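Participant: For the protein sequence lines, the chains are R, E, F and A, in the order given. Going by the working numbering, the first sequence opens with residue 96, and the numbers climb by one from there. Going by the working numbering, the second sequence opens with residue 96, and the numbers climb by one from there. Going by the working numbering, the third sequence opens with residue 96, and the numbers climb by one from there. Going by the working numbering, the fourth sequence opens with residue 96, and the numbers climb by one from there.
These are computed hints drawn from the structure, not numbers from a lab. Quantities reported herein were computed from a predicted structural model and do not represent experimental measurements. Any given hint might turn out to be false.
To be verified - Within a straight-line C-alpha distance of at most 20 angstroms, the following computed SDA-like cross-link-like pairs (lysine to any residue) qualify:
(1) F/K480 x F/R495
(2) R/K480 x A/G364
(3) R/K480 x R/L465
(4) R/K480 x R/T490
(5) E/K480 x E/A500
(6) A/K480 x A/A467
(7) F/K480 x F/S496
(8) F/K480 x E/E363
(9) E/K480 x F/G367
(10) R/K480 x A/G367
(11) E/K480 x E/R495
(12) R/K480 x R/L519
(13) F/K480 x F/D512
(14) F/K480 x F/A467
(15) E/K480 x F/R375
Said to hold, decoys possible - Examples of chain A residues lying across from chain F (beta carbon under 7 angstroms, computed):
(16) D158
(17) A220
(18) W417
Where is the CB? At the ideal position from N, CA and C, for every residue including glycine.
Residue strings, one per chain:
There are 4 protein chains.
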Amino acid sequence: MLLHPGSSRQPHLADDSAVLQALLDVEAAWVRVQARLGLVDEQIVAMVGRHADAAGYDLAELDLGVEAGANPVIPMLAALRSALSGQTQAAGAVHRGLTSQDVLDSALMLLARRSLEVVDDRLEAAAEATARLADTHRATLLTARTLSQPALPTTFGAKAAGWLAALDEARAELLGVAARLPVQCGGAAGTLAAIDELAPGRALEAADLLADQLGLASPGRPWHTDRTPVTHLGDALARAGDVLGKIAGDIVLMSRPEIGELSEPALEGRGGSSTLPQKRNPVLSILVRSAAIEAPHLAAALHCAAALASDERPDGGWHAEWRPLAALLASVPVAAAQLAEVLAGLEVHRDSMLRNVETAGPALLAERLLRAVPTLPGGADLTEKLRSALRTGATGEEVRSVLRAGLPTDGPHSVPDTTIEDLLNPAAYLGVVGDLVDRALEHHATT
Amino acid sequence: MLLHPGSSRQPHLADDSAVLQALLDVEAAWVRVQARLGLVDEQIVAMVGRHADAAGYDLAELDLGVEAGANPVIPMLAALRSALSGQTQAAGAVHRGLTSQDVLDSALMLLARRSLEVVDDRLEAAAEATARLADTHRATLLTARTLSQPALPTTFGAKAAGWLAALDEARAELLGVAARLPVQCGGAAGTLAAIDELAPGRALEAADLLADQLGLASPGRPWHTDRTPVTHLGDALARAGDVLGKIAGDIVLMSRPEIGELSEPALEGRGGSSTLPQKRNPVLSILVRSAAIEAPHLAAALHCAAALASDERPDGGWHAEWRPLAALLASVPVAAAQLAEVLAGLEVHRDSMLRNVETAGPALLAERLLRAVPTLPGGADLTEKLRSALRTGATGEEVRSVLRAGLPTDGPHSVPDTTIEDLLNPAAYLGVVGDLVDRALEHHATT
Amino acid sequence: MLLHPGSSRQPHLADDSAVLQALLDVEAAWVRVQARLGLVDEQIVAMVGRHADAAGYDLAELDLGVEAGANPVIPMLAALRSALSGQTQAAGAVHRGLTSQDVLDSALMLLARRSLEVVDDRLEAAAEATARLADTHRATLLTARTLSQPALPTTFGAKAAGWLAALDEARAELLGVAARLPVQCGGAAGTLAAIDELAPGRALEAADLLADQLGLASPGRPWHTDRTPVTHLGDALARAGDVLGKIAGDIVLMSRPEIGELSEPALEGRGGSSTLPQKRNPVLSILVRSAAIEAPHLAAALHCAAALASDERPDGGWHAEWRPLAALLASVPVAAAQLAEVLAGLEVHRDSMLRNVETAGPALLAERLLRAVPTLPGGADLTEKLRSALRTGATGEEVRSVLRAGLPTDGPHSVPDTTIEDLLNPAAYLGVVGDLVDRALEHHATT
Amino acid sequence: MLLHPGSSRQPHLADDSAVLQALLDVEAAWVRVQARLGLVDEQIVAMVGRHADAAGYDLAELDLGVEAGANPVIPMLAALRSALSGQTQAAGAVHRGLTSQDVLDSALMLLARRSLEVVDDRLEAAAEATARLADTHRATLLTARTLSQPALPTTFGAKAAGWLAALDEARAELLGVAARLPVQCGGAAGTLAAIDELAPGRALEAADLLADQLGLASPGRPWHTDRTPVTHLGDALARAGDVLGKIAGDIVLMSRPEIGELSEPALEGRGGSSTLPQKRNPVLSILVRSAAIEAPHLAAALHCAAALASDERPDGGWHAEWRPLAALLASVPVAAAQLAEVLAGLEVHRDSMLRNVETAGPALLAERLLRAVPTLPGGADLTEKLRSALRTGATGEEVRSVLRAGLPTDGPHSVPDTTIEDLLNPAAYLGVVGDLVDRALEHHATT
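One chain only, chain R, in its complex shape (with noise of 0.2 angstroms):
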C-alpha cells in the first residue's frame, strides 16, 4: 500500500484476499466438525476442501455481492455452493446450522491470530536486540532528561532496560490474547438452535470442535454481542503500539544531530530525501512513531462498536468494528518489524552521549551535590553559594573551585581531594541502575 510504508514486508494480513481465505478456512472446518460428529462423510469434508482455497475465485466479483447482506460471508457462501453445484450434500454441509456472523467473526480471530504470530516473532526479535542494547551499554553514561531537560546522568544500558521490560511485556500480554483468541460459534441468533437440532444435545461440543479444528479458543458461549475478545485484541496492539511508539520517539530525538546520540542502522538509499543527498532520516522509527499515533483511536472505535453492540446482533456495531481491526492488524506488525530493524542495528554514539552529560556538567549532579555537600565539614556554609553555581550553569571546574575553596584540606576534618572528585564524578551517582538492567535481563531470559 502506497500510503502505508514498509507494508511491502509482509503478505496483508487483513486483505481481501486473506479475508476470503479465513472465511473459507471456517466454512471447511465446520465441515470437518460435522464429519466429526458423524453428519457427513469425509467424501464430503474433501470435496468441501477442494474449494476452500481463496484463489479459485474472483474477489471482484465477489466483492459486489458484499453490500446486500452488509457482510462478506453470504457471498462467499454463494460462490462456495456454486463451485459445489452438482454436489448436494456437500453443498448443503455448507454453513449448516452457523450464521454470517459466525464466520466473520471467527475468521477475523484467524487473522488475527496470524497478525499476532507476525507481531510476537518481531516484538521477539526487538526484544533480544534490545536486551543486547541493555548488556552492552550498562554502563554507557547518558544525560536521563526529565520534560526535555538534563536531569541526572544515568546509563544507555539503563534506558535500554526500560524499552526492554516494555517490550517484554507488551508480547507477554499479545501472547496471552493470542491464546485466548476465541471462535464464535451461536447460529442465528446465540442460541445454538439449529445446530442443536443437527446433532442434538451436542450444539457446544460442536462448537468446541470448531475451536480445536482452528487452532482458536473456546469461550464456552457466543460472543455476538459481546465484544470484549475484539477490545481485548484492539488494546493489546494499540499498547504494543505504545510501546513501539515511546522507543521510536527516543531514537528520533537523540537521533537529531544536535544530540546525536543514536544513527539508525545506514542503509543504502534509506532515510534519503527526495531533494537533499545529505539527508539521513531516521526514517524506520518516524514510520513508527505514525503507527503509534493512529492506533490509540482505532482500539478506541472498536470500544465504541462494543458498547453500542445491541440485541442478539449489533445494527451496526458489528460492522464498525470490521475496518478499525483490520488497519490494527495490518500496521502493528509492520510498525513490530521497523523497530526490530532499528535496534537490531542502532548505532550508539557513546562519546556523543559522554559528551553531553559532560556539558550537562555538575548540574546533572545538583541532587547529590546539595544534598551531600551540607553533610561534609564545612559544607553548610556553601550551600547557597553551590545552588547559585548549579542554577547559572557553573562548569565542574568551577564548582570545584567553590567546593575546594569551602571546605577544609587539612585538620581533622579535612575533605580529601578523592571525596570532591568522587561527587563530581557522573558514573558515582547511577543508583541502580545495574540492578534494573539485571532485572530487566533475567525477566526477558524467562520469556
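We have chain R already, so just place chains E, F and A on it with the hints.
Facilitator: Relative to chain R, chains E, F and A alone:
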C-alpha cells in the same frame, strides 16, 4: 473491499492506483507550471505528460520502494524519471524545486476533491429525496420520542425537515472545504528556496500557478506543519458522517417491526440473512451507522497528528495522517450513497405511524391538556384527576369521560364537546411543524 | 457535579480533595518506609502523620501553585513542609529521594484502587441481580433480534446470561488490574540514585516497602515512561463501560413502549420530564449509555499519552493523562451504580415478551421450518410455498394450513398434528439456552 | 483543579456555579421574552430576575436532584420555583413552553461564548507576541528541520510567521463559531407546540427573541438532534489546541539545551523541580502540549454523540456531550493563556540558532550546491566529489577547497571567490522567507 460493504459502488477513491495517479498529476502539473514560467518548453510538458498515467507503472514494484524514503513520492519519482530516461531535460524538470511533501499533500487534496465531489452528489440526492419526504409527509402524524419515550405528536414531514436541514448544512460545509482545498508548494523546508532560484522573484507565483493547474486553492503559504486544511477536511467528513448516522439510526429504529413506521426500499436479495429467508434487514442504514461510528476516530487521529506537527516537517505526525484520511475519503462517500438510496426509496408506513400515535393515547397530549384544562370553566378542579389518568396510561375514551364529567355541558360557561375533541386531537397540537417544513424546503431550494 | 448526573451518589473519587489526600498518603507512607529502613524514628513518622490530612490544607491556595511546577506535588510539598516548620528533621525526611512523578503516579494508583473497589462492589451487585434475572427467566420466551429485526426465539434468561458473563468478565479483569496497580518509586530520573544514597544497597527494597505501605503492587522497576499500568487501567474501565453500555442500550430499547418488554424500576420523581408528567424515561440506563459513549475516548487519550512518553519523564504525555484518567475514575463507578440499581429492580414484562414473539409469528421459526419440513413425507414439495408464506409474514394459522394441506394425514407416512404443532412452537426451538444460562450461573457462582 | 495546572488563572468556565448561572440566565431571559410578547408584565420579569443569581442556591443540594431527571434543569427549576413560592404568576411563567434541553443547550452555548471570548483574547495576545517575533527575527538565521534532521536554512521570523498564520486562522474560525452559537428553543419535542399555544403564530419569533436576549444566534429551527453546533464548537476548540500544541512542541524541542535556541520566559519559582534546583523546565509549553494531546479525544466524543442523536431527543448521545464539552471549554482557554505568556516573553537565542546553522555546515546548502555547481564552468565534473563531501558531513572549509580546486580561477570562465562564498552562505539561500513574513504580518494586521 470485502470488509467495506458497498465500496464496489465506485472506483476506490484512495486506493494505490488513485494515489499514484494523483501524485503523477501533481508532477505533470508542476512541469506545466515551469512552462508557464518559461523554464521549459511545451515539448517537455508533452514528454512528461505521456508518462503521467498511473496505468503505465507497476504498483507492486513501486510499493517496495515506499519504506526507504517513508513516502511514495520517492519511488514514484524514480519510476517517472526512469520512464523519461534519455530525455534529460524532461527528467531534470520533473519535481525540480519541490519536496516530497509538496507532491503528496497536493495529491491528497486532489483525492479529497474527488471524494468531496462524490459526497456532494450523493448528499444532494439524499437531500432531494428528504425534501420530497418532508413535503409529502408534512401532515403525516408521527410520535415524537424523547429519551426513547413517546412525548408529543409531530409529523414525519417535520422529522424529515430536520434531517434535510442537517444534510444541507453538511453539504454546504463540505462545499466550502472543497473550495478551499489548498495546493502545497513550499520546497524542501517551506522557504521555496529552490523554486526562487529557478524563477527568481516568482516563487509564490509559481505556487499559485500550481494551484491553478490542479484546480486547488492557493493558500499563499506552505502548510507543511500547519495541518489545518487536513483537520478541516476530516472534521467536515466526520460531521457528514454524524448527520448520515443520525438519520440512519432513526431509520433502523423506525424499521423495527414493533414500531414499523419505515422500511428500507426493497431490492431482491438485499437485507437477506445467510440463514433466515424472511429477514429484511435495513442493511444500508446499518452500514451507514457503522461508518458513522468509525469516522470520529479517524478525524481525531488527524487532530492528534496535527498537534504533533513538529519542526518544518513532522517526524511522524505527517505520516500518521495518510491512512485515517484515506479511510475517511473512502468511507463517507459510500455511506452517503447508501443513505441516498435508502431515502430515495424509503417506504413510509403512515398507518403504523398513526397507530403508534393512537396507542400512545392522550398521554401524548399531556402537556397541552394539563395547561389548557385548568383554564376551562371547572377545569382547575380536574387537574389532579387528569394528571393521574395520564400517568396511568388512560385511553382517549377514559380521558374524554373525565373531562366530560367534570366540565359543564350547559349554562353560560359550558364547554362544548368540540373543545374537548380538539384537546384530544393530536393533529391539533403540532406547533409550528408546518413552518419548520417550509423553512427547510425553502432553504433547500436555495442550495 | 451538575453535568454528571448521579455523581452525588458517592464522595467524588478524583476531586481535588481526594487527589490531595492521596498525595499526602504517599508522602506519609514514604516517611514510614524511612522508619522501616532505620533512617528516621517513629516520632518523625508521627509528626508527618499529623499533617497528612487533606482537610488541614487550603485547596484554593494550593491550586494557585500548581502551574509553576506543572504538577500539584510541588505546592503540596511546600504546604506540608510549611506545616512542619520548626520540625527540621521531619521536614527534611518528607519526599527525600523521591520525585514529583513518584508521588503523583502513586497517588493516582491509590485513587484508582478506591475507584476500582467501588466499581467492583457495584459490578458485583449488577451481576448478582443479573444472575437472578437469568435464573428466573430461563424459560421466559423472548424475541431474539439481529440487525434490529426479529430472528429466532430465545429466552430472557439467555439474554441475561449473556449480560452476566460479560459483567463477570469485566469484573475479573478489573480485579486483576486492581491487584497489579503499581507503586511508582524511581527518584528524579528513574535510577533511584538519591534513595540509594539514603539507604545504600536498599533502594529497590525501599520501593517495595512503599508499595507495601500503600497496598499497591511492587513492579520492581520505575515506570515513569512505560505507561502500561495507566493504559491497562483505562482500557479495563472502558471495557467495563462497554459492557454497561451494551446492557443499558438493550434496556433502553426494550423499554420503548412499542416493544414494552422491560421497565426501569420506578422511583417517585425519577424519569420525569420538566414538562410531561406521564413520561417515565429510562434515565439511569440513558446515563449509563452516555458514560459508555464517552469512555473510549478517554481511554484513547491515555494511549496517545503513553505513545508519547519520551525521555525519562514525558514532556507533556504524562500531564495529558491526568484529566482523562480522573474522568474515567469518576464516571465508571457512577455508571456501574446506576446499572446495578436498574438491574436490581428491573421490571420484566413477560406478557409483552410473549406478545412480541407471537406477533413475529412463524417467521421466527423459519430457519427450523425450512430445514425440517423438506425432511417430512411430502414436505419437499412444500418448500417454495412455505418460504413464500414466511417471506410475506404469514400467521401461524396460515402456515399451519399450508403444512396441514400438504403433509399426509394418514397412511404409513402420515405426519401427525403434534409434529406440526411442535414445529410451530417457539418454545421448542431454543437450542441450548438452558445450558448457556447454567454455564453463566455456574461461572458466576465461582466469582 | 489540582490536576489541571493553570486552571486557577481564571474563574472556572464550566464548573457547577457557572453552569447553574447559565441555566438561570436562560430561564430569566425566557421570562423577558414573554414580557416582550405581552404575556407577562415587567413585575414578573423583576421577580424572576431577583432569583436568577446562582449564588442564591445550594449547589450541593441541587446536585442531589440531578440524576432523577438525568439533567440539572429539573432540580434547578424546582429550586427556582420554590424561591418564587407565593408568586404564582412568576412561578408559572418560568420555563413555560420550554423543555430541559432548550435550557441546557442554550446554557452551554452561553458558557461556550464566554470560553470563546477568553480564548480569543488569549489567542490575540499570542498572535500579537508571535507577530513581534516574526518581525524582529525575520533575518535571524535558523536551521529548518524536516523529519527531525537539519535540512535547509530558514529564519526564526519565517518560523514564527508560520505559527502566526495558524494562530490567526484558528482565531478566525473560533470567532465564526462564536458568532453562530445558537439558541435552542423547540419545546418538548421540537415542534414549539406549547409556545405556539402561549403566543399563537409567534412561536418562532419567540425563539428569535430568546436568542436576542441571550446574545446567541437564532438558527431558525430547533437542533435537539442535529448536533452540528456542538461538533463545530468542539472541532474549532480542538483545532485551536492543535495549533497551540504544534507551537508548544516546537518550543519544548528548541528549548532542549542541546539545541538551545529558545527558552520560556523565566519566572521565579516556575519550571522548578521538586528535587533539582537547576532545572528550568518549559512547563507552560509542556502543559499546552498536554492539553493538545487530550483535546482531539474530547472532540471525537462529541462527534460520536452527534452520530447517535436518535429520535427527537437522544437517549444517551445528548448526555454524553456534557463532560467532554465542559472539559474542552475549560482546557483550551488555559492552554491559550499559557502559550500567550510563553510567546510574550520567549527568549530567543540568536547565537545558538546561528551556531546550529554553522554546525550543520554546507550540508544545509546541499540542495543549492548540487543544483548550482554543475552549471558553473567546470562544475559538472565536481558533482560526485561534492555530493560525497556533503554526504560525509564536510565542513564549509572542506567544501570550499573542493570547489576552489575544481573551478577555474582565471581565464574567460573563471569563477570568482565571491560566487563560491555566496553559494556557501546560508543567508543567501532563504527563498521567499521575507515575503512569507510580510504576508503573515499583513494578514495579521487585518484581523
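Participant: Confirm or reject each hint.
Facilitator: Do the hints match the structure? See the list:
Between F/K480 and F/R495 the CA atoms are separated by roughly 12 angstroms; this keeps the pair inside 20 angstroms, and the hint holds. For the given pair, R/K480 sits about 18 angstroms from A/G364 by alpha-carbon distance, which is consistent with the 20 angstroms threshold. With a CA separation close to 11 angstroms, the supplied pair R/K480 and R/L465 stays within the 20 angstroms bound. For the hint pairing R/K480 with R/T490, the CA-to-CA distance comes to about 14 angstroms; that is within 20 angstroms, so the pair holds.
For the hint linking E/K480 to E/A500, the alpha-carbon distance of about 11 angstroms falls within 20 angstroms, and the restraint holds. For the proposed pair A/K480 and A/A467, the alpha carbon gap of about 14 angstroms is at most 20 angstroms, so the pair holds. Taken as a hint, the F/K480 and F/S496 pair is honoured in the structure, with Cα atoms around 11 angstroms apart against an allowance of 20 angstroms. Distance hint between F/K480 and E/E363 is fulfilled; the C-alpha atoms sit about 18 angstroms from each other, no more than 20 angstroms.
As the CA atoms of E/K480 and F/G367 are separated by approximately 18 angstroms, the hinted pair is consistent with the 20 angstroms bound. Taking the CA atoms of R/K480 and A/G367, the gap is about 18 angstroms. The hint holds against a cut of 20 angstroms. Using a Cα cut-off of 20 angstroms, the hinted pair E/K480 and E/R495 holds, with the two alpha carbons roughly 12 angstroms apart. The suggested pairing of R/K480 with R/L519 holds, with an alpha-carbon distance near 16 angstroms, which does not exceed 20 angstroms.
Straight-line distance between C-alpha atoms of F/K480 and F/D512 comes to about 19 angstroms, which keeps the hinted pair within the 20 angstroms bound. With a C-alpha separation of about 14 angstroms, the suggested pair F/K480 and F/A467 falls inside the 20 angstroms cut-off, and the hint holds. For the suggested pair E/K480 and F/R375, the alpha carbons sit about 18 angstroms apart, so the restraint of at most 20 angstroms is met. A distance limit of 7 angstroms between C-beta atoms decides the matter here; for A/D158 the minimum to chain F is near 5 angstroms, and the interface restraint holds.
Below 7 angstroms, beta-carbon pairs count as interface contacts, and A/A220 has none with chain F, the closest being about 17 angstroms; its hint is therefore violated. For A/W417, the interface hint holds, the least distance from its beta-carbon to any beta-carbon of chain F being 4 angstroms, beneath 7 angstroms.
In the structure shown, a violation is registered for the earlier hint numbered 17 alone.
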